[in-house]
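Going by the numbering used here, the residue at position 40 of the sequence shown is 49; the numbering climbs one at a time, nothing skipped.
Keep in mind that the hints were calculated from the coordinates and are not lab data.
Note that the coordinates shown come from a computational prediction; the quantities given were computed from them, not determined experimentally.
Each hint should be verified, as a subset may be incorrect.
To be verified - Straight-line distance between alpha carbons at most 25 Å, and here's what the computed DMTMM-like set of lysine to aspartate or glutamate pairs gives: (1) K92 with E192; (2) K114 with D11; (3) K47 with E96; (4) K114 with E96.
Unchecked claim - Derived CB-CB ranges, DEER-like: (5) L65 with T99: 36 to 44 Å; (6) M10 with R169: 23 to 31 Å; (7) W80 with R41: 16 to 24 Å; (8) W80 with F40: 20 to 28 Å; (9) L46 with I16: 34 to 42 Å; (10) I13 with R169: 19 to 27 Å; (11) F166 with I146: 29 to 37 Å; (12) Q39 with T194: 34 to 42 Å.
Built from N, CA and C at the ideal position, the CB exists for glycine as well.
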Amino acid sequence: MDLITIILLAVALAMDCFAVSLANGIALKQFRLSPVLKMAFLFGLFQGMMPVFGWLLGLGFKSIVEQWDHWIALIILVCLGGKMIYESLTEKEDEVESSPALGWKSLVFLAIATSIDALATGLMFVSCSEVFLLAVIIIGVVSFIFSFAGNSLGIFFGKRFNFKVEILGGIVLIGIGIKIFLEHTLDC
Numbered sequence: 010m011d012l013i014t015i016i017l018l019a020v021a022l023a024m025d026c027f028a029v030s031l032a033n034g035i036a037l038k039q040f041r042l043s044p045v046l047k048m049a050f051l052f053g054l055f056q057g058m059m060p061v062f063g064w065l066l067g068l069g070f071k072s073i074v075e076q077w078d079h080w081i082a083l084i085i086l087v088c089l090g091g092k093m094i095y096e097s098l099t100e101k102e103d104e105v106e107s108s109p110a111l112g113w114k115s116l117v118f119l120a121i122a123t124s125i126d127a128l129a130t131g132l133m134f135v136s137c138s139e140v141f142l143l144a145v146i147i148i149g150v151v152s153f154i155f156s157f158a159g160n161s162l163g164i165f166f167g168k169r170f171n172f173k174v175e176i177l178g179g180i181v182l183i184g185i186g187i188k189i190f191l192e193h194t195l196d197c
């Protein structure tokens, strides 16, 4: 696998991070470096580390991972998206505006859910281990950059909306879960 292919793979894997970060940025509406860096760090870390786990699993458990990865991503993203929509619809006027998905627990679940594909791609590195470390680093760095950019753009555009854009964020999360699920079930 050459460098261009690895970079394209990293960009493709980072698209889910970008979309989720964009949705969270829209919900956040105000730029605060700490939560944006926290999300970017966790997304980069999980996207970079999941191929390692996938590679290790690929040594003996490839069929088991492929059977359940899409279900795991679907359940996590639908639950988190539904929670965002619910909290948006039940939010009281006097509550301080904040994103419901920026707590550590929610961020870890989002990082896991968006990196399921990275886990699966780790399986393909079993046959080309010579570029594996480079690929892991590139995937993690690109995911960090895309997450940071997604949050920043979401915050920029979130300030310009007067309706409950958290609903859009929840719909995006549910859509990503359905997309992952359909991609895996239609490939079978």
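Each hint tested on the structure:
1. Under the criterion of a C-alpha separation no larger than 25 Å, the hint pairing K92 with E192 is consistent with the structure, at around 24 Å.
2. Taking the CA atoms of K114 and D11, the gap is near 36 Å; set against the 25 Å cutoff, the hint is violated.
3. Using a Cα cut-off of 25 Å, the hinted pair K47 and E96 holds, with the two alpha carbons roughly 22 Å apart.
4. For the hint linking K114 to E96, the alpha-carbon distance of about 16 Å falls within 25 Å, and the restraint holds.
5. For L65 and T99, the hinted distance range of 36 to 44 Å is satisfied, since their beta carbons lie about 42 Å from each other.
6. At roughly 41 Å, the beta-carbon separation of M10 and R169 lies outside the given 23 to 31 Å, and the hint is violated.
7. For W80 and R41, the hinted distance range of 16 to 24 Å is not satisfied, since their beta carbons lie about 34 Å from each other.
8. The hinted window of 20 to 28 Å between W80 and F40 is violated, with their beta carbons roughly 35 Å apart.
9. Distance hint check: the CB atoms of L46 and I16 are about 23 Å apart, inconsistent with the given range 34 to 42 Å.
10. Taking the beta carbon of each, I13 and R169 are about 37 Å apart, not inside 19 to 27 Å as hinted.
11. Checking the proposed 29 to 37 Å range against F166 and I146 shows it holds: the Cβ atoms sit about 31 Å from each other.
12. The hint said 34 to 42 Å for the Cβ distance between Q39 and T194, and at roughly 39 Å that hint holds.
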